[in-house]
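Enquirer: These are the residues of each chain, in order.
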Amino acid sequence: MTVLRNGYLFALNKQIFHSGGCRVNSRLFSAGYLSLFLKLSFVLGLGILLQSCASYGSHATTMRDGMLMGHPELSLAIAEKEDPDEKDVVSSLDKGMLRRINENYSGSNQIFEVAKQEIEKLYGFSITENLASVTINETLRGYEGDRYEQLLLHAYMAMNYIQLGDVDSARVEMLQANVKMMEWGDEPEEDAFLRYLEGIIYESLGEYDSALISYRKAYNVYKEKGGAQYPVAPELLKKDLLRLLAWQGLWSEYKTYKKEFGMANYKAPKASDKFGELVVILNNGLAPIRSEKAIHVFSAEVNQNLRIAFPVYDHPKQRLYTPRVSIDNKQKYLETVEDIDALARYSLEQAMPGIMARATARAVIKYNTQHTAEDNSPLAGLLMTITNIVTERADTRSWTTLPQEIQLQRITLPVGEHQLKIEMLDVSGRVVDVIEENVVIKPRQFSFVIKHWNTPVPKKRVLNNDVKTDKQVVKL
Amino acid sequence: MNLQHTKTRLLLPLFALFFLLAGCNPTVTRVQSDTVTDLSGKWNDTDSRLVAEEMVQDVLSRAWLTKFNRSKGKAPTVIVGTVRNLSHEHINTRTFIADIERELINSGEVEFVASAQDRKEVRGEVKDQDLNASEETRKAMGNEVGADFMLQGSINTIVDAVSGEQARFYQIDLTLIELGTNRKVWVGQKKIKKTIEKGGFRL
Numbered sequence: 001m002t003v004l005r006n007g008y009l010f011a012l013n014k015q016i017f018h019s020g021g022c023r024v025n026s027r028l029f030s031a032g033y034l035s036l037f038l039k040l041s042f043v044l045g046l047g048i049l050l051q052s053c054a055s056y057g058s059h060a061t062t063m064r065d066g067m068l069m070g071h072p073e074l075s076l077a078i079a080e081k082e083d084p085d086e087k088d089v090v091s092s093l094d095k096g097m098l099r100r101i102n103e104n105y106s107g108s109n110q111i112f113e114v115a116k117q118e119i120e121k122l123y124g125f126s127i128t129e130n131l132a133s134v135t136i137n138e139t140l141r142g143y144e145g146d147r148y149e150q151l152l153l154h155a156y157m158a159m160n161y162i163q164l165g166d167v168d169s170a171r172v173e174m175l176q177a178n179v180k181m182m183e184w185g186d187e188p189e190e191d192a193f194l195r196y197l198e199g200i201i202y203e204s205l206g207e208y209d210s211a212l213i214s215y216r217k218a219y220n221v222y223k224e225k226g227g228a229q230y231p232v233a234p235e236l237l238k239k240d241l242l243r244l245l246a247w248q249g250l251w252s253e254y255k256t257y258k259k260e261f262g263m264a265n266y267k268a269p270k271a272s273d274k275f276g277e278l279v280v281i282l283n284n285g286l287a288p289i290r291s292e293k294a295i296h297v298f299s300a301e302v303n304q305n306l307r308i309a310f311p312v313y314d315h316p317k318q319r320l321y322t323p324r325v326s327i328d329n330k331q332k333y334l335e336t337v338e339d340i341d342a343l344a345r346y347s348l349e350q351a352m353p354g355i356m357a358r359a360t361a362r363a364v365i366k367y368n369t370q371h372t373a374e375d376n377s378p379l380a381g382l383l384m385t386i387t388n389i390v391t392e393r394a395d396t397r398s399w400t401t402l403p404q405e406i407q408l409q410r411i412t413l414p415v416g417e418h419q420l421k422i423e424m425l426d427v428s429g430r431v432v433d434v435i436e437e438n439v440v441i442k443p444r445q446f447s448f449v450i451k452h453w454n455t456p457v458p459k460k461r462v463l464n465n466d467v468k469t470d471k472q473v474v475k476l
Numbered sequence: 001m002n003l004q005h006t007k008t009r010l011l012l013p014l015f016a017l018f019f020l021l022a023g024c025n026p027t028v029t030r031v032q033s034d035t036v037t038d039l040s041g042k043w044n045d046t047d048s049r050l051v052a053e054e055m056v057q058d059v060l061s062r063a064w065l066t067k068f069n070r071s072k073g074k075a076p077t078v079i080v081g082t083v084r085n086l087s088h089e090h091i092n093t094r095t096f097i098a099d100i101e102r103e104l105i106n107s108g109e110v111e112f113v114a115s116a117q118d119r120k121e122v123r124g125e126v127k128d129q130d131l132n133a134s135e136e137t138r139k140a141m142g143n144e145v146g147a148d149f150m151l152q153g154s155i156n157t158i159v160d161a162v163s164g165e166q167a168r169f170y171q172i173d174l175t176l177i178e179l180g181t182n183r184k185v186w187v188g189q190k191k192i193k194k195t196i197e198k199g200g201f202r203l
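For the protein sequence lines, the chains are A and B, in the order given.
Mind the numbering: the first sequence is residues 1 to 476 in the numbering used here, read in order.
Mind the numbering: the second sequence is residues 1 to 203 in the numbering used here, read in order.
Keep in mind the hints are simulated off the structure, nothing from the lab.
Treat the hints with care, as some may be off.
Claimed, not checked - Per label pair, the in silico range of CB-to-CB distance: (1) B:R119 with A:G226: 47 to 55 angstroms; (2) B:K193 with A:Q117: 54 to 62 angstroms; (3) B:D58 with A:A357: 56 to 64 angstroms; (4) A:M182 with B:D58: 31 to 39 angstroms; (5) A:I213 with B:K193: 21 to 29 angstroms; (6) A:N102 with B:R183: 48 to 56 angstroms.
For glycine and all other residues, C-beta sits at the position ideal for the given N, C-alpha and C.
This is chain B alone, in the form it adopts within the complex:
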């Protein structure tokens, strides 16, 4: 009887351990890429996508575009410059820029030229063609399209915090600057506010 008792006593914590360990396996659920997933309260894919969509909608509905179309008789050519991360989080501004670029190109209202970094690679290829490609497929240098406007911006944050509670305010500013004249033709702004509460207890 007592032996039985001891055995159960020994086994119980072991069972408990196995159950706990079983809980450690990761569970994966696939979700649509436009589902809002707020986990830690940090800047995430949803923020990046929402800001890009709204900014692009705004930039395409403003007067500068029709004015340019009327005076030049063509769609403006835009280049994306740098979007500086001045926030308190490590934000991957590249995905954000890519989101904006895609939305703008797909709208068909503006044309895009490759960024300074990408151009270098392309020029290398054209230079290589000069030597190695056949006459009829060879692309000549000096035929690049110069951009009319440059898109620049920054992501800023203001954080207020007391123990366990945070209010995060993100402000994303984008500016479209006319090259040559340095005129600002459009300024876009998007604000996001989040509050985050941390639990005071854990196991």
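With the rest of the complex left out, here is chain A:
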């Protein structure tokens, strides 16, 4: 449907350009008047059609408000109203994320699967979409998501399967992500968190050799890109890597890494039937959101200043609350394993030269059509100017329901039931919110607790009062 709509828009645009040019021969005033009317309605129609694509940024802001106020069910309701055909990748990604935040894991995977299929369909160079993107605007290109988003889609599907108790299917997702990375070329763009999660999944299934390979790969990404797109290598991962090397008896590599990590005192624990493993994953905060910026650039080609629009992240990185796990009188801080904020900014930075080149090409094309129209009649020229301003839109689409950071902690616990608390601390170290969960640890098995958290919310009591006032208003 996207392709179809693009084709239609493209045809419409062509129609506007063309009829602007053929008005020279017009003798009948009524005919000229009619064509003017037609053009006006086209411009208006086009504007309305474009609004649906252009306003992703503002739609996302409204949708995220619910999450920020501690009412993800409201965000979900807004998201579910969008895109009933389930053709738009970014809408499906948002729905999937919000369904899982609202604890509907199978529903989440169902829509994530739709997104996955649509991304697959967008494979290859699209002729119409690329034409539209250099003549009208960027939002007419099919959105397949940035590479980090495509990989995180697999990660979140895997987490859904884990929460449904189906670790084998989570493993399938990891393998699919592998194929995807393979397709991207000789120097695959590895995602550190995805590799770490993959390792944990393999380890929980008892496949220690595969887990070791994943941990090694994860560590290499953190080592190479840590401090830029990725956080620095977590201490946790270093311990996991050493432990598995010890279990596999790869002592020379064990020693090399021990030296590299500066963990001379580390001693690998032995697996025991009296203990099990708890993995806590926290999705903290919200990913940054793109907004539109327009500037005038000088084009030597037409010797003119031209207006172009492009996406920017105009807010700096948010400060997050610090999560701390508290269980059996033990306290541990979670470690950041994925910095989506950094990934998003890096990804846009990388795409910027292309975006700018297309925007400039587009501005020149638009300027030329405007100019030709103006030569024919000032009114047509004015109309073209309006059309061009209305249609010049930056592509602000991105997966904005992702968290800002993914944080993780692993704890070995005695078999049995435990009371887990995830405490959120502010800058001064004060606990502002607590997530509580009962966990059951089974011998040599993995238990997972995966949560989402944004901001401290006002107490339920206050919210109930609000609801009451609302009802009273309705009654009046």
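Fit chain B to the supplied structure of chain A, relying on the hints for placement.
Expert: Frame of chain A, contents of chain B only:
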């Protein structure tokens, strides 16, 4: 003249739109269930059926069956355990297991007992009969047939890919294990290889 011209110009893209929309209606064609339909290159019903048929043919033609018949003087009783999906696709192993079970039962060479999950439900029913059914129709507990063999297996894949091209290799392993002795009496293997090419362009 000009008015006419404008009208045609306006109508053309609209017509084009209608034609495009008309193309969106789904067309349904019924095909035989054994027709090979390779759409995306993923594991499909054809793969599941072919593997099940070949595996069953193989398992029934091997020595373990005649040996068992000779020594015990009866057909062996088999139970299907788990077939793990270790591939990179979400494969519904249940349809695959059902295919194998059907082929084996219908061959008449082996007997089958219900799986652990199904047994629970059946036992519930027998327990209920103990209370509610009449004396002559009541089934007593403790008369179940214990299986002699268990069928287990896994589906694995190796995928090699470069941009736009994929080679998928599926390997399905099934093992028949004698209960009590843990002896492997039969190992079946089936391999499928596919290559998939994606188009570099689309509309």
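Enquirer: Look at each hint and say if it fits the structure.
Expert: Here's how the hints hold up against the structure:
no.	hint	verdict
1	B:R119 with A:G226: 47 to 55 angstroms	holds, 53 angstroms
2	B:K193 with A:Q117: 54 to 62 angstroms	violated, 24 angstroms
3	B:D58 with A:A357: 56 to 64 angstroms	holds, 60 angstroms
4	A:M182 with B:D58: 31 to 39 angstroms	holds, 33 angstroms
5	A:I213 with B:K193: 21 to 29 angstroms	holds, 24 angstroms
6	A:N102 with B:R183: 48 to 56 angstroms	holds, 51 angstroms
Figure legend: structure checked against the earlier numbered hints; the only hint not met is number 2.
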